[in-house]
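A.B. asks: Read off the chains here:
2 protein chains.
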Amino acid sequence: MKEITVLAPATVANVVCGFDCLGFALDEPTDRMTLRLIDEKTVKIKHFDDFRLPTEPEKNIAGVALLAILDVIEENIGFEIEITKNIKPGSGIGSSSASAVGAVVVANKLLNDRFSRLELAEFAMKGEQVASEGRHADNVAPCLFGGFTLVRSVEPLDIVCLDYPKLFVTIIHPQIEVKTSEARKILPTEIPLKSAIQAWSNVGALVAALAKGDYGLIARSLEDFIVEPVRKKLIPHFDALKAESLAAGALGGGISGSGPSVFMLSETLETAINVEKAMREIYAQTGIEFNTYVSKINPEGVKILK
Amino acid sequence: MKEITVLAPATVANVVCGFDCLGFALDEPTDRMTLRLIDEKTVKIKHFDDFRLPTEPEKNIAGVALLAILDVIEENIGFEIEITKNIKPGSGIGSSSASAVGAVVVANKLLNDRFSRLELAEFAMKGEQVASEGRHADNVAPCLFGGFTLVRSVEPLDIVCLDYPKLFVTIIHPQIEVKTSEARKILPTEIPLKSAIQAWSNVGALVAALAKGDYGLIARSLEDFIVEPVRKKLIPHFDALKAESLAAGALGGGISGSGPSVFMLSETLETAINVEKAMREIYAQTGIEFNTYVSKINPEGVKILK
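In order, the protein sequences belong to chains U and E. So that you can map any letter, position 29 of the first sequence is 29 in my numbering, and since no number is skipped, the others follow by simple counting. So that you can map any letter, position 94 of the second sequence is 94 in my numbering, and since no number is skipped, the others follow by simple counting.
Mixed in with the good hints there might be a few duds.
Each computed SDA-like pair below joins lysine to any residue, with the alpha-carbon atoms no more than 25 angstroms apart [said to hold, decoys possible]:
#: 1; chain 1: E; residue 1: Lys232; chain 2: U; residue 2: Ile191
#: 2; chain 1: E; residue 1: Lys194; chain 2: U; residue 2: Pro299
#: 3; chain 1: U; residue 1: Lys109; chain 2: U; residue 2: Arg184
#: 4; chain 1: U; residue 1: Lys109; chain 2: U; residue 2: Pro299
#: 5; chain 1: U; residue 1: Lys232; chain 2: E; residue 2: Glu190
#: 6; chain 1: U; residue 1: Lys194; chain 2: E; residue 2: Lys212
#: 7; chain 1: E; residue 1: Lys194; chain 2: U; residue 2: Lys109
#: 8; chain 1: E; residue 1: Lys212; chain 2: U; residue 2: Ala219
None of these hints come from the bench; they were simulated from the model.
All chains, full assembly: derive it from the sequences and hints.
C.D. replies: What follows is the structure, given as structure tokens:
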């Protein structure tokens, strides 16, 4: 029986100033998924990890994304999927998007590349909706396309792959729970026009800085006066993480997605490792368990294994 | 007596989605200014146009900008300036910025390039403040640097010169008065977070599209649900201008600055001329006097004449 395996990477959404639109893919960690076609119009899910995710397809992110594909194809076929998640659900580095994108990419491969990447993004977003309310593609886009992405619009879906220079990412994942839906609830529904102008000026400058490889401008553009002040309260020692990372040479960074993970961008691997050290020192004193990762930006996104 | 003459071009600020941050320079129209050093710490102004602008330096935009320079230099010198304005004040294509930028650039030349361009922008912004409340650089920046610019921040001043492809601009200037200060008053002070996200997604996409020369994405990114719906009421037949321009092949466009001028971007000169024709047909039926201009984007901004 033909089977294909993919690695779906973690992703960082928002990227400080680009709430709900910017994102990039990481090399590490990745979820591993193996898919087989079966001749029954259903989705069967096995999890090889300790996260106790539901295996009923309607309640499982990968399951819902695969059901969305089955909905639009005529053949009487289905999927059997084995998932080994290494990206902890609720970590804020795109765990649900990795499940959804990995599943639809491997399904599409078994269906001989029947769908476009934008169609795959639509299927994956249906899966993502199980975890977060509303339509969002800011993690789906970088997981699927790799690199640095901007979601110009979700309705209709319009994804832009950005040019970017060499960058290294340090992530710290404090093992506390921040629910995406709750992190959304505490956001203001209205914001001052003045703050919005600051935000879109920074987004425009960040996109230009990435295209030019202007590290100074990248650093200056990574500021957010709208979401960070509200959400950082959910992340213990956020201000210290940021201050010590900058002191260690990071260009800038902030909350990854809706948290609790915090990311920092650096120009060199050496700096990114120094930033990791600085982050670990802060958290070592807290009693809170945590993981850290250092990674370059992953240019290809989800990867089909031979 | 040494004198130097400059041409200071009209500029388009906001560029639909980039309210208060994006702008670009035009080839036409331009203001002409000639400056001489005098040995008295004062500014003398002569206007060779019909706009009846005040010639007391404290009330004149070029005058205030030049006084700002005199404030920081130690020598007992002053400036005598002759101004021929071709950019009608209140037209929405950066008339006041042209006065301010032209004056400080030519003064700096007479002072042997004593100031940096960012310092010149600061002096020019002081002049601009005579016309519009608050600190703004979205017309000053493109007039001074040329091309397409983004003002990331005004405090501290941070200006980004953007990469952009060949583009042609069509402008229609209806001869009605829209005061910048009043066009500001009708703006909301708070906006929905959802609209702000749309806006910064579009700004990021537009900057990426300009850098890539992706005309389709430029067209899709030129949308604004925040300022245009409120300000277009001040501009007769705005919706018709926009609809007919798009029908004639324009990529997109909208209100130039705070209006009443309306601009459209096109990929070719031929299209820009067709857009001009379409705009003229609409306004010919209205009884409102108007001017139109077709121009490429001016890559150098204010220009010192030999």
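A.B. asks: Provide an ascending list of the numbers of those earlier hints which the structure does not satisfy.
C.D. replies: 2, 3, 6, 7
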